[in-house]
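Protein chains: 2
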Amino acid sequence: MHRALPGFREFYPADCALRNHIFATFRRVVRRFGFEEFDGPTLEPLELFTEKSGQEIASQLFHFEDRGGRAVALRPEMTPTLARMVGARAAGLKRPMRWSNVGEAFRYERPQKGRLRSFYQMNADLLGVEGAAADGELLLLLLSVLSEFGLTAEDFHVRIGDRCLWNLFLSQFSLDGVEPVLAAIDRMEREEGTRERLLALAPADGAAIWDGISVLRTCHGLDGLRQFFGQFAPLRERAEQRLADWEGLLECVAGAGFSPNVSVDLTVVRGLAYYTGFVFEAFERGGEGRALAGGGRYDDLVSKLAGTPLPAVGFAIGDVTLANLLVEKQLVPVYHPRPAVFVLWEGDRHREGLALVTELRRHGLAVLWDLSPVSRSLSKQMQRADRSGAIFSLFAAADGNGPVTLRHMESGEEEKMDRAAAISRLVECHRRPGFTGPDLRQDP
Amino acid sequence: MHRALPGFREFYPADCALRNHIFATFRRVVRRFGFEEFDGPTLEPLELFTEKSGQEIASQLFHFEDRGGRAVALRPEMTPTLARMVGARAAGLKRPMRWSNVGEAFRYERPQKGRLRSFYQMNADLLGVEGAAADGELLLLLLSVLSEFGLTAEDFHVRIGDRCLWNLFLSQFSLDGVEPVLAAIDRMEREEGTRERLLALAPADGAAIWDGISVLRTCHGLDGLRQFFGQFAPLRERAEQRLADWEGLLECVAGAGFSPNVSVDLTVVRGLAYYTGFVFEAFERGGEGRALAGGGRYDDLVSKLAGTPLPAVGFAIGDVTLANLLVEKQLVPVYHPRPAVFVLWEGDRHREGLALVTELRRHGLAVLWDLSPVSRSLSKQMQRADRSGAIFSLFAAADGNGPVTLRHMESGEEEKMDRAAAISRLVECHRRPGFTGPDLRQDP
Chain X
1 MHRALPGFRE
11 FYPADCALRN
21 HIFATFRRVV
31 RRFGFEEFDG
41 PTLEPLELFT
51 EKSGQEIASQ
61 LFHFEDRGGR
71 AVALRPEMTP
81 TLARMVGARA
91 AGLKRPMRWS
101 NVGEAFRYER
111 PQKGRLRSFY
121 QMNADLLGVE
131 GAAADGELLL
141 LLLSVLSEFG
151 LTAEDFHVRI
161 GDRCLWNLFL
171 SQFSLDGVEP
181 VLAAIDRMER
191 EEGTRERLLA
201 LAPADGAAIW
211 DGISVLRTCH
221 GLDGLRQFFG
231 QFAPLRERAE
241 QRLADWEGLL
251 ECVAGAGFSP
261 NVSVDLTVVR
271 GLAYYTGFVF
281 EAFERGGEGR
291 ALAGGGRYDD
301 LVSKLAGTPL
311 PAVGFAIGDV
321 TLANLLVEKQ
331 LVPVYHPRPA
341 VFVLWEGDRH
351 REGLALVTEL
361 RRHGLAVLWD
371 LSPVSRSLSK
381 QMQRADRSGA
391 IFSLFAAADG
401 NGPVTLRHME
411 SGEEEKMDRA
421 AAISRLVECH
431 RRPGFTGPDL
441 RQDP
Chain W
445 MHRALPGFRE
455 FYPADCALRN
465 HIFATFRRVV
475 RRFGFEEFDG
485 PTLEPLELFT
495 EKSGQEIASQ
505 LFHFEDRGGR
515 AVALRPEMTP
525 TLARMVGARA
535 AGLKRPMRWS
545 NVGEAFRYER
555 PQKGRLRSFY
565 QMNADLLGVE
575 GAAADGELLL
585 LLLSVLSEFG
595 LTAEDFHVRI
605 GDRCLWNLFL
615 SQFSLDGVEP
625 VLAAIDRMER
635 EEGTRERLLA
645 LAPADGAAIW
655 DGISVLRTCH
665 GLDGLRQFFG
675 QFAPLRERAE
685 QRLADWEGLL
695 ECVAGAGFSP
705 NVSVDLTVVR
715 GLAYYTGFVF
725 EAFERGGEGR
735 ALAGGGRYDD
745 LVSKLAGTPL
755 PAVGFAIGDV
765 TLANLLVEKQ
775 LVPVYHPRPA
785 VFVLWEGDRH
795 REGLALVTEL
805 RRHGLAVLWD
815 LSPVSRSLSK
825 QMQRADRSGA
835 IFSLFAAADG
845 NGPVTLRHME
855 SGEEEKMDRA
865 AAISRLVECH
875 RRPGFTGPDL
885 RQDP
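As you go down the protein sequences, you meet chains X and W in turn. For what it's worth, the working numbering labels the leading residue of the first sequence as 1, then goes sequentially. For what it's worth, the working numbering labels the leading residue of the second sequence as 445, then goes sequentially.
Among the hints, a few may not be true.
[What the hints assert, rightly or not] Listed below are the simulated EDC-like cross-link pairs for lysine to aspartate or glutamate, each with C-alpha atoms no more than 20 Å apart in a straight line: (1) X:380 with W:574; (2) W:538 with X:328; (3) W:538 with X:15; (4) W:824 with W:792; (5) W:496 with W:691; (6) W:860 with W:843; (7) X:94 with W:459; (8) X:329 with X:288; (9) X:416 with X:352; (10) W:538 with W:792; (11) W:496 with W:744; (12) W:748 with W:495; (13) W:538 with X:386; (14) X:94 with W:454; (15) W:824 with X:130; (16) X:94 with W:830; (17) X:113 with X:352.
Quick caveat, the hints were computed from the structure, so don't treat them as lab data.
All chains should be built: construct the whole structure from the sequences, respecting the hints.
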């Protein structure tokens with residue numbers, strides 16, 4: 001007896017409908033923000049991911065050598081592929097580029113609730129423009145997508161951090177690069193021992209860095225940040241400039257009515273090494289507080305991967321935690337697909353019957369007929385029509401052009417009528433909203 | 445400089461729009477046939493594919509050992525996953541099951557025109573019902589999907605073969621299984637040496653088999669088949685039964701008006717070992733005559749993979765050849781996405797401006813605004829509005845609640861009006877069909 005691999009999902013129709021509802025909702029919202037969809041290979045050269053994304057991802061790759069001896073990996077994220085693609089055609093693309101993607105990604109991790117080895121990511125990236133307005137626009141997109149599912153500020157919040165402010169603070173100390181310190185801050189909410197880690201990284205300054213972190217992680221507003229950086233005269237001016245960016249960002253959020261959904265939170269630094277500015281993560285509120293989405297500005301990645309400098313900001317929403325949350329909050333549309341019509345005919349007059357079936361389908365209706373190889377008596381066909389859940393049945397009598405009988409299955413009401421009239425009636429019903437009841441398959 | 449792997453595609457927005465148009469068209473048509481979408485893992489245990497699909501596929505797999513020591517493979521096709529899933533829940537699923545899928549598949553082959561290492565397959569399978577009516581229904585679905593793209597009988601045809609008739613013919617000879625003979629027939633259109641291959645397989649009967657094949661491959665109608673099998677008295681009765689199935693199948697096709705699109709052609713046997721009855725392939729007409737789709741009945745696979753007997757018939761359409769044909773025939777919708785409105789405001793009044801942007805987006809319109817960090821003068825904003833391709837611009841003067849100026853970009857006509865009136869006007873325009881011109885992104 002075969003089984004799926006651990007951490008991989010089988011999507012039975014109701015599961016697939018939920019997945020497709022998530023995809024469709026994302027696509028509907030990104031269109032309103034002027035985004036265009038792109039996609040890239042699921043399998044990529046290994047070095048595309050090991051080179052710039054940092055160790056966190058490299059250790060979790062599904063990678064192998066293909067038959068041609070190439071080191072290849074299933075993509076763990078979309079951003080390096082995006083950076084390569086945009087970089088390769090940067091000169092010919094209209095800026096800013098607003099690109100979105102819905103695609104599968106793979107990480108070899110221990111499967112657990114909300115974390116699988118295969119998952120879908122919905123990515124949105126805004127490239128070719130610097131500054132807080134672009135960061136704000138992207139943040140609004142994330143907030144709008146989550147809201148479109150029916151989630152409110154009581155269900156989720158977005159925490160915004162800032163690598164620029166960390167870099168500014170850390171510029172006072174002599175360090176072998178800030179990356180290991182940022183990695184330590186990233187881990188501090190999940191693991192003990194940050195202070196010891198910092199002392200190991202910077203024996204002379206570790207204690208001062210720890211003290212600064214301890215204050216900064218509790219600053220949940222711009223006033224607190226202003227006060228903190230005010231202590232350090234050499235940093236004051238650059239801090240003020242950056243806080244003006246923060247004001248611009250938060251004004252975007254306020255203008256769109258999303259202030260209750262966001263908070264300033266410098267403990268958010270994001271694990272991927274390529275981020276350079278604002279970073280943000282969306283979390284469930286209450287309960288397990290799982291991460292729903294994350295992103296930020298990465299102004300150097302395109303340059304590093306494709307040789308073309310191109311500022312960029314982007315985010316990814318995962319489908320696993322989001323789907324769990326939608327189920328918990330009862331925000332999943334009912335899945336109850338029903339055919340519109342079941343067509344019946346006497347004897348083996350497939351030709352006439354199928355002409356009718358085909359005409360109705362050409363009008364967009366979901367139409368079934370009895371496929372049984374045996375016992376196609378009218379009563380048997382009617383039983384099957386009943387079991388199919390069809391809203392109407394349509395009985396075509398023996399004469400191909402004669403009248404037909406249209407029956408509303410639930411009420412049992414039926415009417416003998418002209419074939420063309422029956423088709424018109426059904427097509428007209430079909431155009432009415434809610435014709436088949438709440439049905440994901442009717443959702444565009 | 446990084447590149448994608450050979451045989452893998454990058455989908456820039458216009459390419460992705462064509463891909464999504466293909467997916468959307470398929471999904472639209474399968475819904476009319478009452479199909480439900482499912483999906484399964486992209487990565488599967490290797491043995492799922494090596495066990496039952498035959499050597500043709502097994503030699504073309506991307507397979508490797510994962511970090512847990514499991515032999516795994518990227519799926520080369522969807523059918524084994526489907527068989528496992530349906531088999532595992534067969535008792536609880538309403539029959540017949542009509543299941544469709546749109547998914548990526550992978551084969552390590554030499555990349556060439558129409559053949560890549562990664563491609564998309566659109567699958568449709570009808571399970572739980574035997575007989576020619578189900579085969580006919582599925583064939584109609586394939587014909588309807590291809591027609592929905594605008595392709596006609598001049599562009600493609602479907603050739604229908606029959607493993608039952610081959611099995612019947614070969615039952616006269618003493619053979620070590622019919623599979624190697626069917627494989628030889630499958631290869632005969634692409635390769636020389638079939639007669640020699642048959643003589644090697646069956647030294648005593650090879651010549652007689654070759655003679656039979658030579659006649660059967662030229663039978664393009666039921667009369668010819670009836671005449672051929674009439675020669676062999678012991679086969680006559682079973683041949684007549686099978687030809688009655690053929691009549692049922694062709695009557696379905698005729699009823700739906702697709703007779704010009706199909707032909708009887710026993711040279712079609714399909715490479716996969718699991719087929720058991722009718723098999724069919726859709727080809728381009730003329731030109732290179734590449735295969736667009738293929739499928740058939742596979743009544744034993746679910747039983748073999750999941751232990752539950754379940755008759756089934758299905759097909760897969762590949763996206764690569766289909767996309768090439770649509771381009772050749774100029775059946776690709778124009779991709780020219782345009783935002784509906786570009787919103788401008790004076791100074792740094794982001795809060796008021798973004799409230800307007802957000803409201804318009806909530807009504808479903810694609811709305812842009814100027815993200816530039818510098819030089820947000822009105823004239824600069826207007827330039828950017830112009831370059832964006834937006835249909836309208838909307839200028840919100842300094843006072844957040846004051847009148848706004850709505851401008852139709854192409855004609856230059858503009859009108860100062862109440863904010864609420866401008867929003868209503870835009871929403872109303874947006875609801876009109878063709879508001880943004882031919883735009884794939886508006887296609888449901």
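Check your understanding: Does the structure break any of the earlier hints, and which numbers would those be?
Key -> 2, 5, 10 and 17
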